[in-house]
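To convert a position in the sequence shown, counted from 1, into my numbering, add 213.
Think of the hints as simulated: they come from the structure by calculation, not from any bench. Backbone N, C-alpha and C fix where the C-beta goes; we use that ideal spot for every residue, glycine too. Hints should not be assumed to be uniformly reliable.
[Said to hold, decoys possible] Simulated restraints, written as ranges between beta carbons of each label pair:
1) Asp269 x Ala317: 21 to 27 Å
2) Pro372 x Glu304: 29 to 35 Å
3) Ala316 x Thr268: 41 to 47 Å
4) Gly253 x Glu304: 23 to 29 Å
5) Thr393 x Asp442: 22 to 28 Å
6) Leu371 x Pro292: 26 to 32 Å
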Amino acid sequence: MSESVLLTRLLDDAGLLSLEHRLHLEDVLGAHVWQADLDGRRIEFIGEQQSFECTDVYLLGTADAESWLWGWANPWGYPPALIEAAETVREFGVRYGVAELCAAELPIAVAGAAPEPHQVATLLADAAKIVCGRWSSYCGVTDGTCVAFLVEHPAFLLPLPTAGGIARVLAHGVNALPLTDHRRAVHSYLTRRGLLTDFIDDYHLLEFSGHGIGGEVEFDASGNVANLDVRAVMDQIDVPSGTKTRTAQSH
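Please take these sequences and the hints and turn them into a complete structure.
Structure below.
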């Protein structure tokens, strides 16, 4: 599968935030097994300490050793509500000419390589996330086939950002993800996490702040991340209005 320019941009926009959701989901679920009722749009994650039942589930597609098949193209057929997100992705692909999102089946090879089915399922799930605005995904393996879902549960929502969490995602993501445009990917992630951002020095430095976090990301001449500085900052604390009034009266 040779990626189109538009797919590459989608993956850059989605990559880091999607990674943070995956890391959070792994932390929440821990060691677990899963079982799905596709007709009932249910997935249950059964862990050693606790279990979670998701009743807001969308099937994206399946990947085996040969190819990826979008859920809407599966010959077995699925309830319309189950493949609603996959249909949304297909419509987006048709509208904007992203062949990978509207072709029923894709060869699993990416750029001449032959990755594991799980890698291709994760990559296309990332593209689906930003198209659908749903950020929690799960890729489960059954009978040698990787099945990709979008799932929702209150426990899967991200907590407010922290300096440690932002640093973890940026440091890991820029090395582990197949990002093409680091500036675009980092800016997309930070703004979607509610931080204020500002490119300076001819786009060689990105400053960000908010939620008690501050920092800078430095980019090299090729546009790749060269240095990260993420820190907790003390937000300015206003004096209560009553205190101000009493102070003014004492003069």
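Cross-check of the supplied hints:
1. A C-beta distance of roughly 25 Å is found between Asp269 and Ala317, which places it inside the suggested range of 21 to 27 Å.
2. For Pro372 paired with Glu304, a C-beta distance near 33 Å keeps the hint of 29 to 35 Å intact.
3. For the pair Ala316 and Thr268, the supplied restraint of 41 to 47 Å is violated, since their beta-carbon distance comes to about 30 Å.
4. With their beta carbons about 25 Å apart, Gly253 and Glu304 fall inside the hinted range of 23 to 29 Å.
5. Checked against the hint of 22 to 28 Å, the C-beta distance between Thr393 and Asp442 comes to roughly 24 Å, which is consistent with it.
6. Under the hint 26 to 32 Å, the C-beta atoms of Leu371 and Pro292, about 29 Å apart, fit the expected range.
Against the hints set out earlier in the document, a violation occurs for number 3 only.
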